[in-house]
Amino acid sequence: MLSVAFLGTPLPGPVGAHAEQASAPPPFFAAQAAKPEEPSLWSGLYVGSETFVVSGKGVKGGLGGGALIGYDRAFPDNVVVGLQARAGYAPALFPQTSFRGLDYLSANMRIGYEIGRWTPFVTTGVVLAKPDMAGRGYTSAGDSFNGLFDQSAGVRGAGTIGAGVDYAVTDRLKVGVEVSAGGGRGYWLP
Numbered sequence: 001m002l003s004v005a006f007l008g009t010p011l012p013g014p015v016g017a018h019a020e021q022a023s024a025p026p027p028f029f030a031a032q033a034a035k036p037e038e039p040s041l042w043s044g045l046y047v048g049s050e051t052f053v054v055s056g057k058g059v060k061g062g063l064g065g066g067a068l069i070g071y072d073r074a075f076p077d078n079v080v081v082g083l084q085a086r087a088g089y090a091p092a093l094f095p096q097t098s099f100r101g102l103d104y105l106s107a108n109m110r111i112g113y114e115i116g117r118w119t120p121f122v123t124t125g126v127v128l129a130k131p132d133m134a135g136r137g138y139t140s141a142g143d144s145f146n147g148l149f150d151q152s153a154g155v156r157g158a159g160t161i162g163a164g165v166d167y168a169v170t171d172r173l174k175v176g177v178e179v180s181a182g183g184g185r186g187y188w189l190p
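Numbering (full-length UniProt numbering), first residue to last: 1 to 190.
These are computed hints drawn from the structure, not numbers from a lab.
One or more hints might be untrue.
To be verified - What follows is a list of derived Cβ distance ranges for each label pair: (1) Leu83 x Gly157: 13 to 23 angstroms; (2) Val155 x Trp118: 35 to 45 angstroms; (3) Arg172 x Lys57: 38 to 48 angstroms; (4) Lys57 x Pro120: 25 to 35 angstroms; (5) Gly56 x Thr170: 30 to 40 angstroms.
Cβ coordinates follow ideal geometry from the N, Cα and C atoms, glycine included.
Turn these sequences into a full structure, and let the hints guide you.
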């Protein structure tokens, strides 16, 4: 007796006998076709906040933060592409500078790879920043945005690059860590 096997699933009966039974798909394929595709955790519009902490000898007012808004799109091959805009205040990394931090506004493009609840990514973009010479520190993202444009003197622009990883704690709560840098005249931009 001769049987034909397809992906380890034998067709019922010998070849040629019961030809009408051989035309039905094996149960393996029927189960695969009925399985709906789950939506990605990483697609859609989001809003959030960010926090900066700088610590070290001589650092005063090493706390900063900002607000962000973005949109990500996950593709079937697990690639996630997104756009993000941020505004806020970043404390100075080096205490030897004449300012305590920077008011900033940035726009970034992110490309990541979805690995379940984890998404490592790289990012690039542009930033406008202005040193905070008054030493007022961080009050809010809105005040930082206004501080950036209250006087045109001192506003600098630069390109940025960075990398990070995001983690989906739940379907609606995500946290992440990112390191990015851009160079300005004599100081680093967030």
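Structure-based check of each hint:
no., hint, in the structure
1, Leu83 x Gly157: 13 to 23 angstroms, "18 angstroms, holds"
2, Val155 x Trp118: 35 to 45 angstroms, "36 angstroms, holds"
3, Arg172 x Lys57: 38 to 48 angstroms, "40 angstroms, holds"
4, Lys57 x Pro120: 25 to 35 angstroms, "33 angstroms, holds"
5, Gly56 x Thr170: 30 to 40 angstroms, "34 angstroms, holds"
In summary, this structure violates none of the numbered hints.
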